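So the sequences go chain by chain: A and B.
Mapping the first sequence onto the numbering used here, position 255 (from 1) lands on 591, and the numbers just tick up by one.
Mapping the second sequence onto the numbering used here, position 257 (from 1) lands on 593, and the numbers just tick up by one.
Worth flagging that the hints you see were computed from the coordinates, not collected in a lab.
Source: prediction; values computed, not measured.
Any given hint might turn out to be false.
[As the list claims (entries may be wrong)] In silico lysine to any residue, SDA-like type, Cα no more than 25 Å apart, as pairs:
| # | chain 1 | residue 1 | chain 2 | residue 2 |
| --- | --- | --- | --- | --- |
| 1 | B | K561 | A | D540 |
| 2 | A | K685 | B | E469 |
| 3 | A | K499 | B | T711 |
| 4 | B | K681 | A | L611 |
| 5 | B | K561 | A | I527 |
| 6 | A | K681 | A | I637 |
| 7 | B | K484 | A | H714 |
| 8 | B | K561 | A | T470 |
| 9 | A | K681 | B | L783 |
| 10 | B | K646 | A | I637 |
| 11 | B | K646 | A | R386 |
| 12 | A | K685 | B | K685 |
| 13 | A | K681 | B | D406 |
| 14 | A | K615 | B | A371 |
| 15 | A | K646 | B | R716 |
| 16 | B | K681 | A | I351 |
| 17 | A | K561 | B | R716 |
| 18 | A | K547 | A | I527 |
| 19 | A | K484 | B | L367 |
| 20 | B | K499 | B | S395 |
| 21 | A | K646 | B | L783 |
| 22 | B | K534 | B | E493 |
| 23 | A | K561 | A | L611 |
| 24 | A | K685 | B | V613 |
| 25 | B | K685 | A | G384 |
There are 2 protein chains.
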Amino acid sequence: MEGTAKYPEFNDLEILVKQGSDEELREFLGLVHPADIADLVEQVDEEGRRRIFTLIPRSVAADVLPEIEDHVLDEVIESVPDERMVHFVEEMDTDDAADLLAELTREDRRRILARIDASDSEEIRRLMGYDEETAGGLMQTEMVAVLKDATVSETIEEIRAQKDEVENLHFVFVVNEDKTLEGVLDLRDLILSTPERKVSEIMDPDVISVKADMDQEEVSNLFLKYNLISLPVVGDSGRLIGRIWFDDVMDVIEDEADEDFLLMAGAGEEELEELSVFKSVQARLPWLAITWVGGIVTSIILGHFEETMKEMVALAAFIPIVMAMGGNVGTQSATIVVRGIATGKIDYKDIGAFFFGQVAVGLILGMIIGMATATFVHFRHSAIEFSVVIGCAIVSVMGFSALVGTFLPAFFKRIGVDPAIATAPIISTTCDIMGIFIYLTLANLLL
Amino acid sequence: MEGTAKYPEFNDLEILVKQGSDEELREFLGLVHPADIADLVEQVDEEGRRRIFTLIPRSVAADVLPEIEDHVLDEVIESVPDERMVHFVEEMDTDDAADLLAELTREDRRRILARIDASDSEEIRRLMGYDEETAGGLMQTEMVAVLKDATVSETIEEIRAQKDEVENLHFVFVVNEDKTLEGVLDLRDLILSTPERKVSEIMDPDVISVKADMDQEEVSNLFLKYNLISLPVVGDSGRLIGRIWFDDVMDVIEDEADEDFLLMAGAGEEELEELSVFKSVQARLPWLAITWVGGIVTSIILGHFEETMKEMVALAAFIPIVMAMGGNVGTQSATIVVRGIATGKIDYKDIGAFFFGQVAVGLILGMIIGMATATFVHFRHSAIEFSVVIGCAIVSVMGFSALVGTFLPAFFKRIGVDPAIATAPIISTTCDIMGIFIYLTLANLLL
């Protein structure tokens, strides 16, 4: 199986779901990775879903459900009887169970929570209490923790006891009697030690941990910086309350990028997940409305300069180039600031130096483009004053746009709003209005 | 240490590098995570770098070097004597060593490769032969592989033998006599088995593997989909040749997002890493040049409509709104296609359905915005024909822009070019030109 765990061919499976016997389908589903079964579930109809969830074992279903796209989850839940769903949720990791239940309607959620094992349901409820986009929202409560003065053989016993519960067991956390986190133990060091050694002697005491309220973007930046596989989450008193496993963080890195990417363009993140014309229109309309208001303001400004334009219609011919140049430079600067702040590659404290750099880039680019345009205008219209006006306008518009593009996201960050809200529609609308104002004012003064 | 492995305070360390005794500095560096030492190395001057690399042990230096930003690497190498650098490279993982050497000047590289251990240097040379952005460029040759019929105790012996060489040892690969990959063994299952059991009985035979030439974007999508920690890389014959560890893939997910993000805006990826006005200007100028040519073409088109505009100067006042609307919708569609193809969330095979969806969204948004604008024009200019023209123009421009925004990246993907090359400057320039042409042609026909 190179590059894929799909076997047999995906299309065959879809046919099998429709036409195969239970026997055949069960056998083939057994050969397929849970993530691929999730893809299959998304493709087939309600009857197909019912068949799949009847035929796969609970433990597999517990791995399939977290991989299903949110927007089909409701329909999937509908096609599974409550009784089976309860078993699935009990089998799932607590973080996945909490995420799944959070997606359900309040009614479905209550019904399922009422039926699952009391200690499980309490843990899931507790996890659901954390904001989804924080460390608490990412952590699971399944983990192996041993006391500092346990021995290697006691630790192995503990792993044996928990092996069915904890799926990814590559590290054991070490705590003291108060459950305060003291260190971490790599399974490799456990294997290589004699049975009677104390855990405290072979553990790594330099363990990085976070509080449950840390934003997931910061969490993912920690994983990236320190190459972490697993990150313990502690309460206010330092007590170990859960752990974050790297695979959820990989998803966060991708999701945060998706989110910023689409928000910056003034589109909706969900447009990547689901093809819904209605939802796309809904997501984009507010941003386009802002652009529209900007366009109306621009048209009013242009109305005020009607006399100037009547005298020299050629002025109007260069409105697009002034707008396009300003909009591009502004969006470039905004993109760099938004992405740089999100990934921690731009230190917000150094934003001052960054600010001047961006404006300098805008002005230099403005001078190059301004000169080129002035030269063109001079040869085409043989009007020296007009070519001076257009040249100066482009330099000022591009410098100003770089300033707006840098300032707006930094300002949003400052007031505690996601900098990516400084979307391309907002940036380019601001740049357009100011650009046209600058251009025509210069024209009015100099011509 | 919550949320950070920094201790003591970072600023204190900078002062210590300048003024502290060797004794003090060595002690404090011992408390700091290699990733933080890398940050420190980036901050201090040449003399400071020399001190740091003299005082930290080889094994720490081997972890610090891969964390240093590329653009300061050359300077860092300058401040470390060849002799020490050779030791560092020998201590590094082969993938990190290959990446590091690839960043050096040809001369430096040859000098260092000539001095390191022959078997190491051969492996590093071989890894450097792979394209940096493929599975081969991400893999390392350090791993533990055992024969299928080895026992658990033999495997533990093998781990003991390799423990200093292989840093992240959570899985053991299982191969047959030809070194063909047969399965993978979780360390947990090793711990829980009796010493005399055969590896083949406890291994997982369903192991996903890739060929060395797979693009890193596909590799990262596999990690994301199947929640992998480690991925074996095999040669054409199925022979195990290396493994990819998840931390490099996390970096890939972030870097690929950075790259697409900035490319889409027509800026350079390196603008996130380094504050260089010159390099920023260089990266952006080509895209702005395209925009400029588009602007000039637009001005020529507008020149042809000079008579129309002279008769009705109000026409010019609505050029910006037509341009802004088209540009925004086009960029929104392009962003979704580029990001969707990169993350595998949009299946290129389904692009047809997606295409119609995007155009539908553009047309619906166009009708809403077009009606709003027509209403505004009607009340402000009380010219019914003009309001019809502007309304129709906006609908067609927005529909057309959604089409361009979807088509261009899909087309680039089709011809084997990175879809992100369909940058905002290209999309909006195309939309601007067509938008203005459509607008004024309609005006000419209907007014």
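For this session: Go through the numbered hints given earlier and state which of them the structure violates, listing their numbers in rising order.
Result: Numbers 1, 2, 3, 5, 6, 7, 9, 11, 12, 14, 17, 18 and 23 - these are the hints that the structure violates, sorted from lowest upward.
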